[in-house]
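Visitor: Now for the letters of each chain:
There are 2 protein chains.
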Amino acid sequence: MQILANNPNRKSWLKVDKGSDFPIQNIPFGVFITKDDIITIGTRIGEYAIDLGAFHQLGYFNGIPLTDDLFMQDSLNDFISDGRKTWRLVRNRIAEVFEAGNSTLRDNQKHREIIIFDMDEIEMLLPVNVGDYTDFYSSKEHATNVGLMFRGKDNALMPNWLHMPVGYHGRSSSIVVSGTPIHRPCGQILPSGSSSPVFGPTQSLDMEIEMAFITTDVNNLGEPIPVDEAEEYIFGMVLFNDWSARDIQKWEYVPLGPFLGKNFASTISPWIVTMDALEPFRCESPKKEIEPLPYLQQKRTNNSFDVKLQAVIKTNNGDENLISETNFKHMYWSMSQQLAHHTVNGCNVRSGDLMGSGTISGPTKNSYGSMLELSWGGKEPLTLKDGTTRSFFNDGDTVVIRGYCENEKVNIGFGTCSGKISPPFKRKK
Amino acid sequence: MQILANNPNRKSWLKVDKGSDFPIQNIPFGVFITKDDIITIGTRIGEYAIDLGAFHQLGYFNGIPLTDDLFMQDSLNDFISDGRKTWRLVRNRIAEVFEAGNSTLRDNQKHREIIIFDMDEIEMLLPVNVGDYTDFYSSKEHATNVGLMFRGKDNALMPNWLHMPVGYHGRSSSIVVSGTPIHRPCGQILPSGSSSPVFGPTQSLDMEIEMAFITTDVNNLGEPIPVDEAEEYIFGMVLFNDWSARDIQKWEYVPLGPFLGKNFASTISPWIVTMDALEPFRCESPKKEIEPLPYLQQKRTNNSFDVKLQAVIKTNNGDENLISETNFKHMYWSMSQQLAHHTVNGCNVRSGDLMGSGTISGPTKNSYGSMLELSWGGKEPLTLKDGTTRSFFNDGDTVVIRGYCENEKVNIGFGTCSGKISPPFKRKK
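If you're matching them up, the sequences are chains A and B in order. Under my numbering, think of the first position of the first sequence as 2, with each following residue one higher. Under my numbering, think of the first position of the second sequence as 2, with each following residue one higher.
Chain A with its partners taken away, still in its complex shape:
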């Protein structure tokens, strides 16, 4: 089946600003709530949110086999479970109905009022009910940088790193949608030179610029997925900020890995951009330095995606300070390799599961994906436009991650993944 929705020459009868993240070729999926407290699955074109529950009820998906309430839900999990064929039929139909020359909905003012909202009339919610969240660690630059700082030069990149996409389990409950404020977390911190920890707010609140992919139902417990089939099970991608408290992490993480240093919050962008929409932006991933074991050898070499990423600190005075420019294509291990590795022991992966790439650091200093690396552990603080400096984030800072793909014909973007840091929680007396 062709991905008709990707036709780069199509225009919509809905206004789309030049350079918008959401032209009619994107058609991402999300969940939103209207002013009347109706929760629905939707898509977005330009600055308009489209209620797919209403769109379906009014017959615009006629001829596609879909359950009646598939889009009148508070998560995309069931839709994602329906699989790639359904995703493609649905995107193709949306593209057709909103195409400039199609008058069916365009000229039906009553239906337009029910189906189409201005973005500022609605509020985005979490798009999926994340069953399990796994975070990988697949940027060689990031793993090397952190290793240098945490373990020194001799142990920077661990011996297993070039043999497998190292990963670990994160916390699903604290995944929040872009815009949710982030309390500065408290925890145990080992003061430099001391052997006893103290308790207090983290002094090294950090971001991790990541992308994450969301899966459909992949396998039954016990059944590995071959690496060359893995792409079939990936629905789409989001921007992802895996907030980290480096001092808490450093004291707790040996031997079982990060826990409270990470699980206080992770922020995702609200619109899941489908793999179909990203298809025109495939690119090669870095050449493997060691031949991996056969179960990780992928026939396809253009297994990565050219997604440009930026991180910005917004200070309270409104300044936007660009602090990093990186790209998803730097990831050493592909998503297919991550998924093949994850299931090679029979671990089952379900619809709505989320897998983070790990911090995406590029080869140059301005492309590092965390403050830990950008300020090199606090030794080289960044100076912002207002003259203040940052080794890590201050209360009141808003951290914004943006991401987009572009070629000569079309621009496909992810919107923003943003969170403002609020002071540590205080218990009401």
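Mixed in with the good hints there might be a few duds.
Identical copies go unnamed one by one, so any copy, or any two together, can satisfy a pair.
Using 30 Å as the maximum straight-line C-alpha spacing, the simulated DSS-like pairs for lysine-lysine come out as follows [claimed, not checked]:
hint : residue 1 : residue 2
1    : K12       : K154
2    : K86       : K427
3    : K427      : K300
4    : K154      : K251
5    : K141      : K251
6    : K154      : K410
7    : K427      : K289
8    : K36       : K19
9    : K86       : K429
10   : K300      : K429
11   : K288      : K111
Because the hints were derived from the structure by calculation, they are not lab data.
Since the structure of chain A is already known, use the hints to place chain B on it.
Guide: Okay, now just chain B, sitting in the frame of chain A:
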């Protein structure tokens, strides 16, 4: 409100064998499916399963404010969300209706046929939809033993261990109910003396004798729970076998912790025994060797529970080989301390979340909670009744964990947590 259901002198009109894990004082909660494919929440007395959906529909919970379909569900999550007061009212009413002298249901043959099943007429399912699963590492004996083998004497117990209940996130999707077969997992293994891994089935498939507790909705994101309030949020406990592949784990776990060495399966016992039922079996936990930070200082010292645990290998010839006898009371950190630590950074915990104790090892060799420790890394294999030896498990072995509390008046048990090991998965051609 009194825990009337705990009255040790009460007898049921349902037959309960002497020494049964499920006298009328237990009243655990689980989910089962009948031969007619009806899925319901239930409880158990002796060898009888009680359909609480039907019990409620037929009016036996009249006067207790419960939603109509609270028990006609495939998980306990909503019931657990209702909180301690509801759990207590429900257990008290069940105890009352099944008390020997109460003729209401006893003498209503038609209702009995709808509500009561023989245990062999039904099949137990997973009792909760586990949102997040956290595994702690709270047995000092286990942490020391593993540290000795993995890291040597000088780094056996890490510097953070006595300061915090170390924990990490596990995989929710692969938590299975007792009786589910466990495929021997494959993965990367580093042969001794080599610097390159090979791929194959684990050669060191292990159990971890654990208990796990299940929470109700604890907190909003950002809000820590004080240690002295934490017990209020714990619904009950199960037996838990956190299957582990030691060779896979050893190669992958630095620096982000265990992943594929653990996430292929964890088995839980099907009946959740409530904290109310365990109340008579409170005991002191081991004295703290270092005073913890204030947020972990618990006023109550009888914060542990005296639960006797056994692990057995059943071989294909039917032999039962007792390989370990341990006790939950050995845990250094209490469940309240685990929950206070887990939320101290604001991490939110929801109804149905599951928290494992970590392997429960006692001070003596026959009380170790894993084959890794029992066979001391394979150096001292166990000899079974049939003359074969085990450093780790063989295909065909069934591993059974049992647990119970007893005093002079009553016996409260957990039933069994069991899994048979099947050969590695083979893909159909």
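Visitor: A separate judgement is required for each hint: does it hold in the structure or not?
Guide: Hints, one by one, checked against the model:
{"no.": "1", "hint": "K12 - K154", "in the structure": "neither (53 Å within a copy, 69 Å between copies)"}
{"no.": "2", "hint": "K86 - K427", "in the structure": "between (49 Å within a copy, 28 Å between copies)"}
{"no.": "3", "hint": "K427 - K300", "in the structure": "between (54 Å within a copy, 22 Å between copies)"}
{"no.": "4", "hint": "K154 - K251", "in the structure": "both (17 Å within a copy, 22 Å between copies)"}
{"no.": "5", "hint": "K141 - K251", "in the structure": "both (20 Å within a copy, 21 Å between copies)"}
{"no.": "6", "hint": "K154 - K410", "in the structure": "neither (45 Å within a copy, 63 Å between copies)"}
{"no.": "7", "hint": "K427 - K289", "in the structure": "between (49 Å within a copy, 28 Å between copies)"}
{"no.": "8", "hint": "K36 - K19", "in the structure": "within (28 Å within a copy, 61 Å between copies)"}
{"no.": "9", "hint": "K86 - K429", "in the structure": "between (51 Å within a copy, 24 Å between copies)"}
{"no.": "10", "hint": "K300 - K429", "in the structure": "between (58 Å within a copy, 21 Å between copies)"}
{"no.": "11", "hint": "K288 - K111", "in the structure": "neither (55 Å within a copy, 71 Å between copies)"}
In summary, the structure is inconsistent with hints 1, 6 and 11 from the numbered list given earlier, while agreeing with the others.
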